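2 protein chains.
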Amino acid sequence: MYRTNTCGELRLCDAGKQVTLAGWVQRVRKMGGMSFIDLRDRYGITQIVTENEDLNAQVSKLGREFVIQATGTVKERQSKNAKIETGEIEVELQTLNVLNPAEVPPFTIEDVSDGGEELRAKYRYLDLRRNPLKKALQLRHRMAHEIRNYLDSQNFMEIETPYLIKSTPEGARDFVVPSRMNPGQFYALPQSPQQQKQLLMVAGYDRYFQIVRCFRDEDLRADRQPEFTQVDCEMSFVERDDILETFEGLIKTLFRNVLGKEFNEPFLRMPYAEAMSKYGSDKPDIRFGMEIHELTPMVKGHDFSVFDSAEYVGAICVPGIAGYTRKQVDELTEWVKRPQIGMKGLVYIRVNADGTIKSSVDKFYSPEDLKAIADTCGAREGDMILILAAGKKKTQVALGSLRIEMGNRLGLRDPKVYAPLWVVDFPLLEWDDETSRFYAMHHPFTAPKPEQLKEFYSDRKEDLEQVNANAYDFVLNGTEVGGGSIRIHDAEIQKRMFEVLGFTPEDADYRFGFMINAFKYGAPPHGGIAFGFDRFCALFGGQETIRDYIAFPKNNQGRDVMLDAPSRIDQIQMDELCLASTVKKEE
Amino acid sequence: MYRTNTCGELRLCDAGKQVTLAGWVQRVRKMGGMSFIDLRDRYGITQIVTENEDLNAQVSKLGREFVIQATGTVKERQSKNAKIETGEIEVELQTLNVLNPAEVPPFTIEDVSDGGEELRAKYRYLDLRRNPLKKALQLRHRMAHEIRNYLDSQNFMEIETPYLIKSTPEGARDFVVPSRMNPGQFYALPQSPQQQKQLLMVAGYDRYFQIVRCFRDEDLRADRQPEFTQVDCEMSFVERDDILETFEGLIKTLFRNVLGKEFNEPFLRMPYAEAMSKYGSDKPDIRFGMEIHELTPMVKGHDFSVFDSAEYVGAICVPGIAGYTRKQVDELTEWVKRPQIGMKGLVYIRVNADGTIKSSVDKFYSPEDLKAIADTCGAREGDMILILAAGKKKTQVALGSLRIEMGNRLGLRDPKVYAPLWVVDFPLLEWDDETSRFYAMHHPFTAPKPEQLKEFYSDRKEDLEQVNANAYDFVLNGTEVGGGSIRIHDAEIQKRMFEVLGFTPEDADYRFGFMINAFKYGAPPHGGIAFGFDRFCALFGGQETIRDYIAFPKNNQGRDVMLDAPSRIDQIQMDELCLASTVKKEE
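Chains E and C, in that order, give the protein sequences.
Going by the numbering used here, the letters in the first sequence line up with residues 2 to 588, in that order.
Going by the numbering used here, the letters in the second sequence line up with residues 2 to 588, in that order.
Incorrect hints may have been included.
No copy is singled out in the list; a pair is fine if it fits within one copy or between any two copies.
In silico DSBU-like links for lysine-lysine, alpha-carbon gap of 35 Å or less [as the list claims (entries may be wrong)]: (1) K253 with K136; (2) K585 with K76; (3) K338 with K284; (4) K81 with K496; (5) K521 with K84; (6) K395 with K136; (7) K135 with K496; (8) K253 with K462; (9) K395 with K585; (10) K359 with K372; (11) K521 with K76; (12) K262 with K279; (13) K450 with K393.
Keep in mind that the hints were calculated from the coordinates and are not lab data.
What you are looking at is a predicted structure, and each value in this text was computed from that prediction instead of being measured.
Turn these sequences into a full structure, and let the hints steer you where they fit.
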């Protein structure tokens with residue numbers, strides 16, 4: 002061992018001890034005849050000090066990030082540093098040994114670095130030395146460990162499922178892997194171990210989990226990764242509430258053991274329909290109110306054609322912004338007119354501090370009308386009501402986005418405050434006009450609510466649209482962190498599901514034949530859930546972006562810029578795989 | 002919840018309780034007016050009984066593997082079954098509910114099934130219901146959990162490394178993944194996270210581990226899988242013995258907590274050279290003796306041309322087989338002449354029970370000569386000495402194989418007896434005549450022993466062949482379960498290593514440029530180890546084959562016969578990936 006202690010563990014009670022530390026030079030300072038080294042490792046920083054002439058000379062040759070070994074005696078510091086845990090001591094240097102010199106790093110290894118994102122990605126191994134990333138990965142390790150301990154204590158078995166599986170092109174694109182031993186054929190990398198975990202239930206494993214990598218070849222949106230990690234779980238002989246309770250237990254344990262936060266009450270359970278009507282989102286952030294109020298009936302018939310012709314009119318009441326200037330309101334109007342939101346305009350009602358009411362539609366509505374709207378929205382003096390109108394779902398979603406935007410602007414979304422929530426009773430199916438077929442809102446193995454089987458077997462699109470899924474999402478602070486469902490365990494219902502999704506029996510058989518087959522041999526009632534682990538960790542760390550919580554992430558083009566991957570491969574490899582590239586060569 | 006209890010938990014103290022169980026029908030028996038159901042789940046089997054006429058009628062309709070829910074009262078059994086943990090009680094049936102019927106399974110779900118391997122692979126989800134597989138996966142879960150707990154307690158962080166990396170075609174073939182977003186370019190699936198874990202050491206993470214999937218596109222030998230699981234570990238600021246001690250601690254903890262076996266003494270450490278000369282193997286099974294004895298000097302000069310012309314003559318003394326018939330000896334001779342062993346013949350010396358000595362080379366050697374050989378080999382009355390002669394390494398390896406074969410035949414390799422061992426001081430390099438270059442015996446990042454740097458920088462092949470690696474294997478019962486090394490942390494030595502391996506600087510830079518670069522910015526001394534987790538579990542389970550310890554394994558052609566993967570993919574997928582197949586189509 003190159004050290005007797007880490008750079009994070011020495012305390013005043015160690016004074017007098019002879020120790021050897023090893024680590025990286027964070028910085029070197031000279032004061033008069035004395036040299037100070039801040040020596041860093043994963044565990045902390047310890048100050049090394051010397052006033053010896055020879056040693057001073059050696060220290061003066063050290064650069065930032067040199068790896069050194071320092072032997073000396075622990076002693077109490079003159080000027081203590083309360084900011085670090087080793088701040089009461091320093092080590093008086095006796096011998097110094099350079100284990101490895103270092104070139105000057107291309108950016109500073111500090112909590113806030115001077116390096117740009119691109120540069121830090123290329124030198125990820127240096128960026129990972131910075132405290133925020135170290136803390137992020139430590140949190141991730143702790144989360145995974147706590148999850149495993151909890152699930153093990155609940156009789157869950159972690160079972161590894163294969164990464165080389167069969168391509169089933171439903172939903173997102175698969176990454177595929179050409180098979181050399183089976184020329185012309187491909188494995189797929191799993192988008193999730195959905196089928197395998199259900200087969201494990203058929204196999205009687207009762208309670209399964211896995212912290213597992215998943216792969217999705219999507220055009221990358223911001224903060225999406227082509228490979229991501231899922232906490233994947235499945236249980237047999239359970240109904241929905243058994244699953245919600247089990248995993249509420251897990252989440253509460255994580256809050257308690259990782260963040261020291263207690264949640265004594267059950268998490269709120271909100272139907273999808275309520276989430277949409279109140280928050281304009283299937284993943285509402287309930288850390289703040291500002292709920293949506295429907296105004297459709299009360300605003301119609303006042304000759305204001307925008308409202309009269311709209312399917313739906315709704316509002317949010319934003320507290321304390323009645324004083325917004327005209328310019329600020331115009332800017333908000335532009336904000337809702339952006340293509341991502343897609344509204345034609347914004348109507349406002351100011352409830353001024355003096356109780357007077359002023360709106361952009363004064364000529365259509367009397368002060369009493371406006372007062373009635375303000376009351377409906379629960380507006381108080383100093384608030385402003387923001388009203389949107391168009392198709393129902395579109396307007397609700399737009400109001401939901403506006404609500405989140407205003408929450409951000411008003412500082413109502415404190416990342417250290419946590420508001421967990423179950424969203425339940427999702428629609429089972431989503432109609433796609435383009436392909437003129439239904440898609441499974443969750444996935445094709447999600448069970449319909451048992452009381453809606455009649456509609457599920459109906460041939461009418463309207464009936465099918467009404468069927469709810471026995472599905473649920475776990476939402477934290479406006480982010481969907483987990484989702485799952487009770488599965489179909491009945492072969493007949495599964496067959497019907499494939500039919501509703503427009504698969505011919507041959508198609509269904511080709512894609513899921515072994516599943517349909519498996520269900521004939523005694524499938525238990527079962528259900529499960531999967532959590533997006535990267536995002537779960539980021540939220541627990543109080544961050545919006547997942548990239549710091551992944552040791553070696555890809556950039557927005559799906560590239561690992563440190564490795565410079567993907568890359569071309571040798572022709573010999575292509576030949577062995579019986580593949581030819583159809584990319585035109587640039588010469 | 003569909004049950005109040007599992008099928009494994011009811012005991013005599015539960016008598017009188019009303020319970021609901023759910024599970025699979027293992028079997029149904031009728032005796033007079035009574036019906037018995039053996040109801041099975043992951044946790045055990047519980048007997049359900051009824052003499053009610055209606056219920057009898059319902060029970061008579063149940064088939065094997067039906068999924069049922071049974072409610073009734075726990076009562077003491079008349080005739081107890083000591084073989085199962087619930088054997089003192091039974092449940093008197095009150096209501097029976099068929100949750101899912103089952104077709105007759107294609108093979109019996111018993112400890113020893115009547116189904117062939119192929120059939121059971123196709124219906125893996127049914128095979129997994131059998132006890133031996135259930136126990137295997139439970140053991141695997143327990144092993145993983147114990148490993149994580151131990152390493153966490155030793156300050157190791159589990160850090161996930163990417164599965165989509167860069168192809169570095171050194172060693173085995175990579176599986177590759179075409180990138181749609183970067184046409185013509187490929188990711189590779191990792192053969193191990195070797196580079197990433199070393200970069201994590203450069204990044205200062207100090208102690209890393211991961212239970213991680215690895216991929217190797219090899220022509221599959223028996224009991225190899227294209228994807229396999231590794232317990233991958235790395236530590237900083239350590240020397241070899243620190244690593245051996247840390248992981249000896251892990252292994253002893255596993256023996257203690259998983260198998261209830263205590264190992265109080267340090268594991269034996271054996272140099273590679275000794276392993277080869279004594280056991281003819283770099284992974285000796287030391288559960289039994291039968292060591293190899295070199296006879297070269299003592300057998301030369303007796304006009305026996307086979308020995309006179311041989312580079313090496315060696316023997317093992319097999320206890321108690323002096324009575325082997327001529328036919329048995331002939332069969333052994335054929336065994337060593339098989340191409341896998343490649344010997345030209347076998348010489349024997351019988352030390353008969355009466356003390357007389359008889360050999361197949363009596364005409365060249367006097368009784369005194371033979372007695373001297375027998376003494377050298379430590380032979381006692383009733384033993385037979387088996388002698389092979391040819392080139393040194395080839396003969397040692399052949400004797401090693403013969404030793405294992407005789408150990409098997411004589412029942413000396415009890416799978417419940419464990420003999421752990423570290424093999425150390427491997428050669429650094431292996432010369433390959435065909436390509437006329439050195440290959441890294443371990444991998445290109447393995448450090449040479451520090452005292453042999455002079456030879457390492459020599460241009461003479463002979464010097465380089467003598468350099469030992471600072472590497473070690475963990476061997477259990479003749480199987481290499483783990484291997485690792487102290488890594489090169491010095492950029493100059495790494496450069497030299499690439500040079501020795503015949504990489505041009507450009508080549509090395511293209512393949513490992515980021516590694517060479519990373520080492521310039523302060524790489525700590527570090528080393529690590531990786532364990533083959535599938536095999537580790539199989540050995541702990543007392544099995545030779547890993548397939549039962551993997552939930553969904555591939556067959557010898559790399560196929561998942563349950564999923565029917567790999568398979569062809571749509572032309573549209575091929576087009577999106579800018580790929581064309583060069584396989585000739587069979588029409």
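Consistency of the hints with the structure:
1. K253 with K136: So K253 and K136 pass the 35 Å test inside a copy (21 Å) and across (31 Å) alike.
2. K585 with K76: Neither way: K585 and K76 sit 68 Å apart in one copy and 77 Å across, limit 35 Å.
3. K338 with K284: For K338 and K284, only the intra-copy Cα distance (23 Å) is at most 35 Å; the inter-copy one is 71 Å.
4. K81 with K496: neither (72 Å within a copy, 44 Å between copies)
5. K521 with K84: The answer is between: 31 Å across copies meets 35 Å, while 64 Å in one copy does not.
6. K395 with K136: Neither. Shortest intra-copy (40 Å) and inter-copy (53 Å) distances fail the 35 Å Cα cut-off.
7. K135 with K496: between (49 Å within a copy, 30 Å between copies)
8. K253 with K462: neither (41 Å within a copy, 63 Å between copies)
9. K395 with K585: neither (43 Å within a copy, 51 Å between copies)
10. K359 with K372: For K359 and K372, only the intra-copy Cα distance (10 Å) is at most 35 Å; the inter-copy one is 118 Å.
11. K521 with K76: Only across copies: K521 and K76 sit 33 Å apart there, 73 Å inside one copy, limit 35 Å.
12. K262 with K279: Within one copy only: 27 Å inside a chain, 60 Å across chains, cut-off 35 Å.
13. K450 with K393: within (25 Å within a copy, 73 Å between copies)
Violated hints, listed in ascending order, are 2, 4, 6, 8 and 9; each of the other numbered hints is respected by the structure.
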